[in-house]
Amino acid sequence: MNHASATGSPAARGLIYRIVDTLAMLSALFGGVVLIAIASMTCYSIASRALGYEPILGDFELVQVGLAVCVAAFLPWCQLHRGNITVDFFTARASRHIRARLESFGALLVALMMALVAWRTAAGALSAFETGEETMILGFPIWLSYALMTPGLAMTALVALFGAWLSWQASRR
Amino acid sequence: MSSIQIGLSLFAAMLALMVLRVPISVAMFAPGAVGFWLLAGEDALLSHLKGHAFARYSVYDLSVIPLFILMGQFATQGGLSRALFRAANALVGHLRGGMAMASVIACAMFGSVCGSSIATAATMSQVAMPEMRRFGYSGRITTGTLAAGGTLGILIPPSVPLVVYAILAEQNIAKLFLAALIPGLIAATGYCIAVAIYARLHPQDGPGHAKPPARERLRAVAEIWPIVAIFVIVLGGIYAGIFTPTEGAAVGTAATFVAALARRELGRSGIYQSLLGTATTTGMIFFIFLGADMLNSALALSQMPAQLAESVGQLAWSPLLILCCILLFYIVMGFFMDELSLIILTIPVIFPTVMGLELWGLDPADKAIWFGILMLTVVEIGLISPPVGLNVYVTNSLARDVPLMETYRGIVPFLLSDAVRIALLFLLPSLSLYLVSVVF
Numbered sequence: 001m002n003h004a005s006a007t008g009s010p011a012a013r014g015l016i017y018r019i020v021d022t023l024a025m026l027s028a029l030f031g032g033v034v035l036i037a038i039a040s041m042t043c044y045s046i047a048s049r050a051l052g053y054e055p056i057l058g059d060f061e062l063v064q065v066g067l068a069v070c071v072a073a074f075l076p077w078c079q080l081h082r083g084n085i086t087v088d089f090f091t092a093r094a095s096r097h098i099r100a101r102l103e104s105f106g107a108l109l110v111a112l113m114m115a116l117v118a119w120r121t122a123a124g125a126l127s128a129f130e131t132g133e134e135t136m137i138l139g140f141p142i143w144l145s146y147a148l149m150t151p152g153l154a155m156t157a158l159v160a161l162f163g164a165w166l167s168w169q170a171s172r173r
Numbered sequence: 001m002s003s004i005q006i007g008l009s010l011f012a013a014m015l016a017l018m019v020l021r022v023p024i025s026v027a028m029f030a031p032g033a034v035g036f037w038l039l040a041g042e043d044a045l046l047s048h049l050k051g052h053a054f055a056r057y058s059v060y061d062l063s064v065i066p067l068f069i070l071m072g073q074f075a076t077q078g079g080l081s082r083a084l085f086r087a088a089n090a091l092v093g094h095l096r097g098g099m100a101m102a103s104v105i106a107c108a109m110f111g112s113v114c115g116s117s118i119a120t121a122a123t124m125s126q127v128a129m130p131e132m133r134r135f136g137y138s139g140r141i142t143t144g145t146l147a148a149g150g151t152l153g154i155l156i157p158p159s160v161p162l163v164v165y166a167i168l169a170e171q172n173i174a175k176l177f178l179a180a181l182i183p184g185l186i187a188a189t190g191y192c193i194a195v196a197i198y199a200r201l202h203p204q205d206g207p208g209h210a211k212p213p214a215r216e217r218l219r220a221v222a223e224i225w226p227i228v229a230i231f232v233i234v235l236g237g238i239y240a241g242i243f244t245p246t247e248g249a250a251v252g253t254a255a256t257f258v259a260a261l262a263r264r265e266l267g268r269s270g271i272y273q274s275l276l277g278t279a280t281t282t283g284m285i286f287f288i289f290l291g292a293d294m295l296n297s298a299l300a301l302s303q304m305p306a307q308l309a310e311s312v313g314q315l316a317w318s319p320l321l322i323l324c325c326i327l328l329f330y331i332v333m334g335f336f337m338d339e340l341s342l343i344i345l346t347i348p349v350i351f352p353t354v355m356g357l358e359l360w361g362l363d364p365a366d367k368a369i370w371f372g373i374l375m376l377t378v379v380e381i382g383l384i385s386p387p388v389g390l391n392v393y394v395t396n397s398l399a400r401d402v403p404l405m406e407t408y409r410g411i412v413p414f415l416l417s418d419a420v421r422i423a424l425l426f427l428l429p430s431l432s433l434y435l436v437s438v439v440f
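Chains as they are written, first to last, in the working numbering: chain A, 1 to 173; chain B, 1 to 440.
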């Protein structure tokens with residue numbers, strides 16, 4: 001298991017890398033802000049309850065929606081910085097060339113998986129929009145939660161595709 | 001093909017992909033998706049995937065995970081770890097091997113605001129390692145202690161793996177946190193005893209030093225009151241039923257943030273780093289969820305978990321022997337996989353089997369809690385044992401001059417202590433269940 005790796009050396013970090021890195025970072029920071037909002041809202045709700053005021057109505061539902069959005073926004077950064085864990089025990093002795101090839105293949109599979117998940121989540125947004133589903137207490141539209149997740153998921157697919165290309169480049173060097 | 005054969009071929013495909021360095025999440029997702037497709041057809045797969053990500057990510061209880069991770073990040077970036085080590089060192093540092101014991105104690109306390117093993121090992125290493133080396137502690141005992149001490153991060157609540165177990169096994173998080181408390185303290189005590197014995201046998205590895213004046217010691221201990229207060233408020237609130245675990249985590253995160261700000265060590269870049277670190281670790285866990293859910297949906301379609309539980313139930317073996325085999329399986333798998341992937345992947349399959357066993361006459365709720373604690377204890381063995389041992393790698397990489405083999409040698413006393421503890425927890429379920437029965 002490893003978080004760092006042989007590929008993705010600074011030499012490979014051209015302009016495109018910096019753009020991808022910045023976008024992933026902005027997405028992660030957005031996710032962080034959502035997480036802080038979840039924490040603050042929850043604290044506020046507890047404080048109101050403790051002081052005898054009405055707690056926030058449906059804070060439960062906001063946490064759920066917020067979590068989904070926050071996690072989806074975290075994924076591109078995680079993928080770019082190799083937080084997507086691999087078992088490297090079996091290939092630790094393989095040549096750098098082979099490892100880079102395998103990493104490229106792995107990242108390509110991640111891209112496929114995330115593209116599939118992003119596409120289906122977008123489809124989920126459409127069908128939830130058509131049926132007009134809402135959350136129980138707040139009446140928050142479900143399609144919006146799906147729709148807010150989709151950019152993070154789609155960006156993760158693109159980041160993984162970019163990573164596959166980087167590793168492929170590294171394998172030829 | 002029978003259900004068990006289908007299930008096993010999905011597992012085989014997953015392992016093959018993992019060996020080929022494919023990220024664990026996809027190594028689970030791909031066979032899962034293909035299996036689902038073959039069993040239920042394309043339309044069913046596509047419609048299942050529509051809600052796949054949202055259904056898993058919008059779970060109220062899961063919000064505990066990023067919140068506790070963020071809390072640990074604030075504690076790390078805010079320098080709370082240094083205060084903890086200083087306090088523990090003031091208490092026991094003068095004893096023979098005392099600084100190593102201080103590291104263990106500081107790790108245990110840091111574990112009370114941090115739910116991750118690697119984070120605890122890495123954070124405490126940065127603080128304790130330079131000090132220990134300066135006082136003449138050998139590389140072996142220094143790195144070994146910190147790698148093992150890191151595992152206290154997940155044993156002492158809050159614990160991210162325990163939250164994951166609770167959600168997958170549909171158990172009460174608060175009860176599991178409470179159940180982990182005594183085993184966590186036993187672990188810390190066991191590690192201190194291991195250090196004491198080791199330092200007695202090899203005095204040159206862990207020399208004692210002069211006792212600092214009482215005033216200084218008192219001041220160092222007094223400095224950690226915010227961490228103690230946070231621990232008491234968060235876990236006390238959760239145990240007492242004032243908070244849900246999510247609320248406790250939110251309060252803890254806010255309080256840790258304030259405590260870190262008050263120490264004037266958490267600047268703007270520290271906050272950025274905390275958020276980005278939270279993104280990496282949270283992403284890592286939720287990637288695994290995405291993959292494991294797909295595989296588990298396919299396994300559920302194949303009815304393998306139910307079949308497995310039934311077949312195991314028909315075995316003429318003693319249930320305790322079967323449980324031993326399951327725990328052994330976790331230890332072996334833990335050599336190659338990280339603890340979270342292992343838990344997320346196996347609990348849906350193994351849990352029904354365990355619940356079908358008759359163990360010490362425990363009722364189902366107690367059995368689920370006890371098994372969770374046992375499993376947590378055995379998977380962390382993998383974190384500190386060869387061939388992979390993530391904690392060992394992390395601490396060793398922070399000590400450039402210490403060869404990896406030295407760290408593995410330094411781990412041995414702690415592994416022995418772990419073996420004793422596992423035996424204790426296995427033979428005496430009340431060690432895990434006593435507090436739960438008192439409070440709830």
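Mixed in with the good hints, there may be bad ones.
[Claimed, not checked] If we take Cβ atoms under 10 Å as the criterion, some of the chain A residues that face chain B in the derived model are:
hint, residue
1, Leu57
2, Glu61
3, Leu75
4, Pro76
5, Cys78
6, Ser95
7, Arg96
8, Phe129
9, Ser145
10, Tyr146
Calculated from the structure, these hints are not laboratory results. This one's a predicted model, so the numbers in the text were calculated from it and none came from an experiment. Glycine included, C-beta positions come from ideal geometry on N, C-alpha and C.
Status of the hints after comparison with the structure:
Against a cut-off of 10 Å between C-beta atoms, the interface hint on leucine 57 of chain A is violated, since the closest Cβ of chain B lies about 15 Å away. The interface hint given for glutamate 61 of chain A holds, since its Cβ lies 9 Å from the closest Cβ of chain B, which is under the 10 Å cut-off. The beta carbon of leucine 75 of chain A is positioned within 10 Å of a beta carbon in chain B (closest approach about 5 Å), and the interface hint is therefore held. Hint status for proline 76 of chain A: holds, given a least beta-carbon distance of 8 Å to chain B, under 10 Å.
The interface hint given for cysteine 78 of chain A is met, as the beta carbon of that residue sits about 2 Å from the closest beta carbon of chain B, less than 10 Å. Because the smallest distance between the Cβ of serine 95 of chain A and any Cβ of chain B comes to about 13 Å, over 10 Å, the interface hint for this residue is violated. Restraint check, arginine 96 of chain A versus chain B: the minimum CB separation of about 13 Å is more than 10 Å; hint violated. Below 10 Å, beta-carbon pairs count as interface contacts, and phenylalanine 129 of chain A has none with chain B, the closest being about 12 Å; its hint is therefore violated.
Against a cut-off of 10 Å between C-beta atoms, the interface hint on serine 145 of chain A holds, since the closest Cβ of chain B lies about 6 Å away. Hint status for tyrosine 146 of chain A relative to chain B: holds, with the closest Cβ pair at about 6 Å, below 10 Å.
Hint compliance for this structure: hints 1, 6, 7, 8 are not met, and every other hint is.
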